[in-house]
Structures are given as structure tokens and as C-alpha cells.
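Number of protein chains: 2
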Amino acid sequence: MLIVQKYGGTSVANIDRIKAVAKRVVKTSKEGHKVAVVVSAMAGETDKLINLAHQTASSPGEREMDLLLSSGERITSALTAMAIEDLGHKAIALTGRQMGIVTDTVHTKAKIERITAEKAKKALDEGYIVVVAGFQGITENDDVTTLGRGGSDLSAVAIASALKADLCEIYTDVDGVYTTDPNIVPDAKKLDKISFEEMLELASLGAKVLQTRSVEFAMKYEVPVVVRSSFNDNSGTLVTKEDKDMEKVVVSGVAYDKNQDKITIMSVPDKPGIAARIFKGIAENTIVVDMIVQNISSDGKATDISFTVPKTDSKKAFKLTEEIAKELGAKSVSLSDDIAKISAVGVGMRTHSGVAAEMFETLAKHSVNIMAISTSEIKVSCLIDLKYTELAVRVLHEAFGLGKK
Amino acid sequence: MLIVQKYGGTSVANIDRIKAVAKRVVKTSKEGHKVAVVVSAMAGETDKLINLAHQTASSPGEREMDLLLSSGERITSALTAMAIEDLGHKAIALTGRQMGIVTDTVHTKAKIERITAEKAKKALDEGYIVVVAGFQGITENDDVTTLGRGGSDLSAVAIASALKADLCEIYTDVDGVYTTDPNIVPDAKKLDKISFEEMLELASLGAKVLQTRSVEFAMKYEVPVVVRSSFNDNSGTLVTKEDKDMEKVVVSGVAYDKNQDKITIMSVPDKPGIAARIFKGIAENTIVVDMIVQNISSDGKATDISFTVPKTDSKKAFKLTEEIAKELGAKSVSLSDDIAKISAVGVGMRTHSGVAAEMFETLAKHSVNIMAISTSEIKVSCLIDLKYTELAVRVLHEAFGLGKK
Chain P
1 MLIVQKYGGT
11 SVANIDRIKA
21 VAKRVVKTSK
31 EGHKVAVVVS
41 AMAGETDKLI
51 NLAHQTASSP
61 GEREMDLLLS
71 SGERITSALT
81 AMAIEDLGHK
91 AIALTGRQMG
101 IVTDTVHTKA
111 KIERITAEKA
121 KKALDEGYIV
131 VVAGFQGITE
141 NDDVTTLGRG
151 GSDLSAVAIA
161 SALKADLCEI
171 YTDVDGVYTT
181 DPNIVPDAKK
191 LDKISFEEML
201 ELASLGAKVL
211 QTRSVEFAMK
221 YEVPVVVRSS
231 FNDNSGTLVT
241 KEDKDMEKVV
251 VSGVAYDKNQ
261 DKITIMSVPD
271 KPGIAARIFK
281 GIAENTIVVD
291 MIVQNISSDG
301 KATDISFTVP
311 KTDSKKAFKL
321 TEEIAKELGA
331 KSVSLSDDIA
341 KISAVGVGMR
351 THSGVAAEMF
361 ETLAKHSVNI
371 MAISTSEIKV
381 SCLIDLKYTE
391 LAVRVLHEAF
401 GLGKK
Chain V
1 MLIVQKYGGT
11 SVANIDRIKA
21 VAKRVVKTSK
31 EGHKVAVVVS
41 AMAGETDKLI
51 NLAHQTASSP
61 GEREMDLLLS
71 SGERITSALT
81 AMAIEDLGHK
91 AIALTGRQMG
101 IVTDTVHTKA
111 KIERITAEKA
121 KKALDEGYIV
131 VVAGFQGITE
141 NDDVTTLGRG
151 GSDLSAVAIA
161 SALKADLCEI
171 YTDVDGVYTT
181 DPNIVPDAKK
191 LDKISFEEML
201 ELASLGAKVL
211 QTRSVEFAMK
221 YEVPVVVRSS
231 FNDNSGTLVT
241 KEDKDMEKVV
251 VSGVAYDKNQ
261 DKITIMSVPD
271 KPGIAARIFK
281 GIAENTIVVD
291 MIVQNISSDG
301 KATDISFTVP
311 KTDSKKAFKL
321 TEEIAKELGA
331 KSVSLSDDIA
341 KISAVGVGMR
351 THSGVAAEMF
361 ETLAKHSVNI
371 MAISTSEIKV
381 SCLIDLKYTE
391 LAVRVLHEAF
401 GLGKK
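For the protein sequence lines, the chains are P and V, in the order given.
For the first sequence, this note's numbering begins at 1 and goes up steadily by one.
For the second sequence, this note's numbering begins at 1 and goes up steadily by one.
Please keep in mind that the hints were generated in silico from the structure rather than gathered at the bench.
Owing to the predicted nature of the structure, the values given are computational and were not obtained by experimental measurement.
A couple of the hints might just be wrong.
Identical chains blur together in the list; that is why a pair holds if it fits in one copy or across any two.
[As the list claims (entries may be wrong)] 27 Å max Cα-Cα, derived DSSO-like pairs, lysine-lysine: (1) Lys387 / Lys193; (2) Lys248 / Lys316; (3) Lys27 / Lys258; (4) Lys280 / Lys365; (5) Lys164 / Lys48; (6) Lys241 / Lys331; (7) Lys30 / Lys404; (8) Lys248 / Lys27; (9) Lys109 / Lys90; (10) Lys248 / Lys193; (11) Lys30 / Lys365; (12) Lys244 / Lys121; (13) Lys48 / Lys90; (14) Lys119 / Lys23; (15) Lys111 / Lys90; (16) Lys271 / Lys331.
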């Protein structure tokens, strides 16, 4: 097999851990596989470089920021290759450019356009273990770019796709993907297998194991991904194409997201085009609105509209909404930061009905009020009071029978 | 004018110093010059990376070592460009590759083969200050190389040559080139001007201001170099082509070198081919022999031969010499580490005689015994007892009238 292994910042945090990574890589190679390794910067290095930049300039240029930040992964790639060679195995470190990762020109959050991978293919054929600096690429114009936070996951998946690898292993500090956050539900179970679609929903709903863009990429190019720990030999979670088995499971996981605020406009005149006017104004400022509820107006004249936005954008969104509300003749605008979104995810929902009903019933039984609902083919989300988050996660996890028991 | 400015590790040791460098660069630009800046790694950074490598592997691969070490200068180049932009001036950071510095494939001490400089020329024409990561280049095969210790001086001179710059300023922590070491002779005078040839002799004789290879390069391509301090506005020393003025000065400087040991072979049979046998054996081991003295044999049968080698190679050279001496039937071999070489340098020697005589007389007057002598067109060197080094430097500096008075 050809296997791509990606090691995150905590897995290469110091020289001892880099040596442990080298051992694991060489072991995989000795089992008869070709191995390409993708490494992050040593934990803390990227933040250190960002600090230096902000000490140097009030708003550091993004092109130079990328050149600066790309150093972290280069250092780890060189050290990891040295550690592998020290174990007696041929190894070669490659920068993003040497790997042939060509991106667009959007510095600090570039998108991968293509990967040539010639040097890597040749080296793998000659028996080398290839160690690639993650998180970085190069533009057509030869400038260094970075792929944004968590970009090394994306590097790994994209490289796996370019090399037509059989597997992409993402090594991190947790054992895999769980049915829910084990910090809230100790009974949470590690999943052996999950579909790309479910993983994508879980990632965007707040599960921190895999970066959303890397799941999208893996799904699009059908790269099987395994999430596992670099600190033990547990088998991890396989993220892959949906299969028959998966459909039998109605709900695979329960996720929560505390990173949204709710904005409510009171007494907006109830006429066509009002919602369009509000949400167009917000979208134009590249703020992503998630859930929307419009109350049915009792008198046909005025209505209330609520919606959620990411916490980081909520102040800006609130200001914009106030301006629009004034213009529309609405009564007032309020912002609440004590909400949470609880979601149940599972591809089985496509063929099994009743998940939403079960969810509403369970929450009602524990007196958790639902402020808004949104659904997709494989997901039901409810907006609730922030203080009920942990309770809701626990009772839903139990109601859907997700624990180990 | 187009000016290349090079800042060493102490000049960019921390963010405050990088900001000071940015100010100086912008000032030069505002005086109406185009400026290209070459930076070293922040003081201590290269050693830190070397340490990491040696913690990781018992003998780190040189290709990976170069990838690792090149990060230091990349970081400084990005930060310096940010600091310049923060002062409101356009700046662009370029890696060795982006500067188009193509080297041979001898990792850790690569030689520059050519510099394309396209990106830099374009940027300079568009009004950017260009900041280049020193010390590094790239092979035809796209691998990162470094130019060896002090390589950033060489980067600067080579870039100045490629850009057809009018001047290459080397900023360091001393005010320029002195008539001798001011630590030994407080009366030592900073030279306003010195010829390439003299600088080359002084550099190879132990003066630490400029790296020998960069002086050779500057001489070959006639790049005028100024050595000056980044901590004040003093004018520094211009290193340039020899001119009429320079010939008037008989001796420009007095240098000393304590980094050699002396090996003596006693009672070697005095027949043709003996010296060849000895020095061929040593040269084959890439040890550089500097001074050689062969005593005139009193009886025509046996003679003593002494020679000096760098301290770092002296143990190895001693062993080799013992083997050869045995083979030749010599009596014995001895090694002494208490010697020093004192030199007087000046292009005026070409047209003025009597420098050697003055030197011998001065040393004799102070009872300093001369063990060996070597001369070139513009230099006289004497091998003396180590303990007389400072005395010899002082009296020669005075005898040649080099002080400020």
C-alpha cells in the first residue's frame, strides 16, 4: 500500500516526539508500505512566529506572513527526515514547493489548485520515505502561501489524492471520532467507521478532530482517511464512502456548537422582500448566517425574525442589522449570546424516519425549550438555551443509544 | 545609486534591532537610492537549529541540514520586510530561490554559480525595497543549499554584482577595518579605504571583519564594499580597487594569527624528493600547510624541516607526519602549539623596499626571535613565539607609523 501519514503539532512537539514519529513511520515502511509523511510545525512554533510578526508591524503584510509561517513546517520536515535516516532508512524532506503544491494567490488562506508530486513519486519509487512540510504551497508566481489554520490536514489529504494513496492517516492527540464529546459524556464511544457526509456535518457542527476543508476534499476525491492517535496503537476511526452498514445506524453522533450568537429583530413589517433585504445586507459583509426563524405574524402586519451568526462576527452583524431595521421601520433589535446548537447526525436518517420527533420529545421531557430547528438529509439541529447544552448532549446521546454499555 | 546593504546576526538579533535596520534602510531609500537588503539569521538562531539537528540524529544529513538552516534567514527576511512596510515603504522579502541564486550541489558549503535576480530587478524598478534571505541558494535540481559560515557576506556581494549595484554595504558590530586589533593596540586607526588585495590578506591572516570568499568575489567582479557599523553613523571602510593613493602607504595593517601549530621533523635524510614526499602526503588529506622552513644541513646528510598547519588539523597532521618520517628514516617528529604568525600588509610594498628589513629589525630590537618568514608581493609574515604576539603587534604598529597620533 501507499500510505500518507499526517502528524499534528502535539505529535511533533519536541525532539523525543519527533523520534517517536520516525519510529512509527519506519515501522509502517517495514510492514511493506510506501510512506509519505506530512508534518505540522512543532506545537507553539506558529504562534511564536505570529507574535514576532505582530511585535514587528501593526498589520504585517500577508505575503510576508506566509513566508514567515511556512518556516515552522520546514523545520519539522527537515528534523523528521533526519530522525528517520538516523534509524537507518532513506528519507527526503520536501517543502510545499518541492512537493509541487500549487495554490491560488489568496495569502494566509490559499486554496490548492493542483499538486504535481513528481519529486515525491520518484523518491518513493527509489525507496525513500518522503517527509513533506504541511500547511504550505506556492503560487504560479513563485510566492509562498499557507492554507490557513489546520491546513496540514488538507495538505495530507490532497497529497494522498495526488499520489493515489490507498490511505491517509491523520495522527492527532485523540483516539478517533467519538459519538459525542467524551468530556461531557464519559460513556461516549469511538466510532470504527463514519461516512464523509457525517464527518463533514460533525466537523462543521463543532467536532474538532478534522478540519472541514480537508473532509470536503477527501469526500470529493474519495480519499479514505483514518483519524488516530500518535500516542498509542489503537485503530482509530475510518472516514470513508457511505456503505450499506452505515445506513443501519440511524444516528452516528451528537454534536454541539457554542460559538454562535442570536440576533432578533422585533416587529418588522410583514411584507414580501423583507427577509431578502436583511440577509442580503449581512451576506454582503461576508458574515455567514446559520439558523433563521421567522414567527408567524398574528395580525398579518408585523413579525419577529431571529437568526444566528458566528460569535466572532456578532457585533458587526448586530450593527448592520440595527441599520437595516431602522430603514425597514422595525421596532428593535436584540443580541443574545446564551444560546447553543445541538445536532444529531447520521446517514441512516435518509431511510429511517422519526429522528426529529425523537429528538424533540427527548428535549421536551427534560424541559429544554427549542428556539429554532434546522434539518438536512442527514442532520437535525436545535437551537437551545446555552445552560442546557451538556444536559441535552447527555440525554440525546442516551436516547439514540450511542453509549458503550 | 543602487545600494546593497547586508546586516549580520547581531544587527538583527531582536525585534527592536530589526526595526532600527528598517529605519536605516528607509532612510537610504529616501535619500534617493534603490536599496536591496540582505539579512542573516537572528543571532543565535542558526546555532539553535544546529543543536536541534544534533539532538535528532547522530550525523544529520547535509541536504536536510541545509533545508533546516535556511529557515533562520527566511524568518529575518520576512520580519525585516514587515518592519519596512510598517514605516510606510513598499517592501518584498525574497528567499535565496526567489532571488535566483543558483549554486552547485555541495550542501552546507555550496558555491554560487549564477544569480538571475529577475524578481528583484522588477521589484526595485517598481519602487520596492527588496529584502533577501542571505546564506542560501538553490541547486539546478531545486534543492535548498547554504553557503557555509559567513555566507551572508558572500550573498550580499554576489547580489550586488548581479544587480550591478554601485555599492555593497556590510553592516556589522564594528566600525570598519582597523590598522590592527584595537583590543591589543588602543591607538589602532580605522582605515578609510583599503584595496581588495590587502583586505584578502588581512581576512586570511585572521582579521574577522569580512569572510575571505566574499572578498575574493568582490575583487573578481570589482564590487566596491563598505564595512561599517549598524549601531552608529560612522562612515566605515571602503574596500575597493587599488588606486594611486593607496600605493603611497607602505604598510596598511598589522595582523596576527594564533590558530596554527608547528610540526618539526628532525634529521631527515637530505636528498631530492623528500619535501615532496612529506607535503604530498599531508595535502592528500586536505590539510593546508602554511609556512615551511628547511634548515640548511650542516653536513649535507640530514636536515630539519618545520611547517605550520591550522590548529584544527594539527593532531591529524602530526600522525601523518610521524608515519611519513618513519618511512623516510627521520629521527623524530615534534608538535608545538605555542607559536603565532605576525604579518604586515600593504600594496605600497610593491613600490617601496625595506619593509621586511624594518620588520626584522623592530622584532630583533625587542628580542623577539623569528622562526620562519614568508612573503608575498604585498605581505611579510613572521612566525614567532606565541607569548610575544601582543608585544610584536604593538611595536610593529608603531614602527610602521599606523597609529592615530
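Hint numbers not upheld by this structure, sorted from lowest to highest: 1, 2, 3, 4, 5, 6, 7, 8, 11 and 12
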